[in-house]
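Undergrad: Sequence:
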Amino acid sequence: MQLYGVLILFLSFFAASGLRCYICVTSDPSGCTNYLTCPDGLDRCASVTMDGLITKSCVPSAACSSSMNCCDKDLCNSAIPTGPGVTLLLLSSALMMLFI
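Be aware that the sequence shown starts at 0, since it is given in numbering that gives the first Met the number 0, and climbs by one per residue.
Hints were generated in silico from the structure; no laboratory data involved.
Misleading hints may appear alongside valid ones.
Claimed, not checked - The calculated SDA-like cross-link candidates involving lysine to any residue, where the alpha carbons are at most 20 Å apart (straight line), are:
| id | residue 1 | residue 2 |
| --- | --- | --- |
| 1 | Lys72 | Thr32 |
| 2 | Lys72 | Leu18 |
| 3 | Lys72 | Cys37 |
| 4 | Lys72 | Ser60 |
| 5 | Lys72 | Tyr34 |
| 6 | Lys72 | Thr54 |
| 7 | Lys72 | Cys31 |
| 8 | Lys72 | Leu97 |
| 9 | Lys72 | Ala62 |
| 10 | Lys72 | Phe98 |
| 11 | Lys72 | Leu41 |
| 12 | Lys72 | Ile22 |
| 13 | Lys72 | Pro38 |
| 14 | Lys72 | Pro59 |
| 15 | Lys72 | Val58 |
| 16 | Lys72 | Ser91 |
| 17 | Lys72 | Ser29 |
| 18 | Lys72 | Gly40 |
| 19 | Lys72 | Leu35 |
| 20 | Lys72 | Cys23 |
| 21 | Lys72 | Ser56 |
Note that the coordinates shown come from a computational prediction; the quantities given were computed from them, not determined experimentally.
Input sequences plus hints: build the corresponding full structure.
TA: Quick look at the structure:
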């Protein structure tokens, strides 16, 4: 039982560690694979296409406009759709184990 408590605490720590966004300037939408955890104050992921170049980065919510795609989930500024995170999968598995 203590193991499950430690597991949930561990997963909660990583879930609260900040927003992660893809960071790049490229002409190939699938070529953007680098990401980082956004610093305080930058609470959105953004993707902008201008003159054939795609720019992805962390931005403050106030900077989001109609010319920019903004989102607020981990790695949401990808051209390739991302599924549920591993953290969510592990957390739901741990909760199911508690009740089974």
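Undergrad: All hints are to be evaluated individually against the structure, with a verdict given for each.
TA: Do the hints match the structure? See the list:
1. With a C-alpha separation of about 16 Å, the suggested pairing of Lys72 with Thr32 holds against the 20 Å cut-off.
2. A threshold of 20 Å between alpha carbons decides the hint, and for Lys72 with Leu18 the separation of about 7 Å falls inside it, so the pair holds.
3. For the suggested pair Lys72 and Cys37, the alpha carbons sit about 12 Å apart, so the restraint of at most 20 Å is met.
4. For the suggested pair Lys72 and Ser60, the alpha carbons sit about 13 Å apart, so the restraint of at most 20 Å is met.
5. Of the pairs offered as hints, the one joining Lys72 and Tyr34 holds, with about 13 Å between alpha carbons and a cut-off of 20 Å not exceeded.
6. The straight-line distance between the Cα atoms of Lys72 and Thr54 is roughly 17 Å, inside the 20 Å bound, and the hint therefore holds.
7. Distance restraint check for Lys72 and Cys31: the Cα-Cα separation of roughly 17 Å lies within the 20 Å cut-off, and the hinted pair is therefore satisfied.
8. Proposed proximity of Lys72 and Leu97 is contradicted: the alpha carbons are some 27 Å apart, above 20 Å.
9. Under the criterion of a C-alpha separation no larger than 20 Å, the hint pairing Lys72 with Ala62 is consistent with the structure, at around 17 Å.
10. Pair hint Lys72 plus Phe98 does not hold up; C-alpha atoms about 29 Å apart against a cutoff of 20 Å.
11. Taking the CA atoms of Lys72 and Leu41, the gap is near 12 Å; set against the 20 Å cutoff, the hint holds.
12. Restraint check for Lys72 and Ile22: satisfied, since their Cα atoms lie roughly 14 Å apart, inside the 20 Å limit.
13. Annotation: proposed proximity of Lys72 to Pro38 holds, straight-line Cα distance about 15 Å (limit 20 Å).
14. With a C-alpha separation of about 14 Å, the suggested pairing of Lys72 with Pro59 holds against the 20 Å cut-off.
15. At roughly 13 Å between alpha-carbon atoms, Lys72 and Val58 fall within 20 Å of each other, so this suggested pair holds.
16. Simply put, Lys72 and Ser91 have alpha-carbon atoms about 18 Å apart, close enough for the 20 Å limit, and the pair holds.
17. Only pairs whose Cα atoms come within 20 Å are accepted, and Lys72 paired with Ser29 is accepted, the gap being roughly 19 Å.
18. With a CA separation close to 15 Å, the supplied pair Lys72 and Gly40 stays within the 20 Å bound.
19. Of the supplied pair hints, the one linking Lys72 and Leu35 holds, its CA atoms being roughly 13 Å apart against a limit of 20 Å.
20. Between Lys72 and Cys23 the CA atoms are separated by roughly 17 Å; this keeps the pair inside 20 Å, and the hint holds.
21. Proposed proximity of Lys72 and Ser56 is supported: the alpha carbons are some 13 Å apart, at most 20 Å.
Against the hints set out earlier in the document, violations occur for numbers 8, 10.
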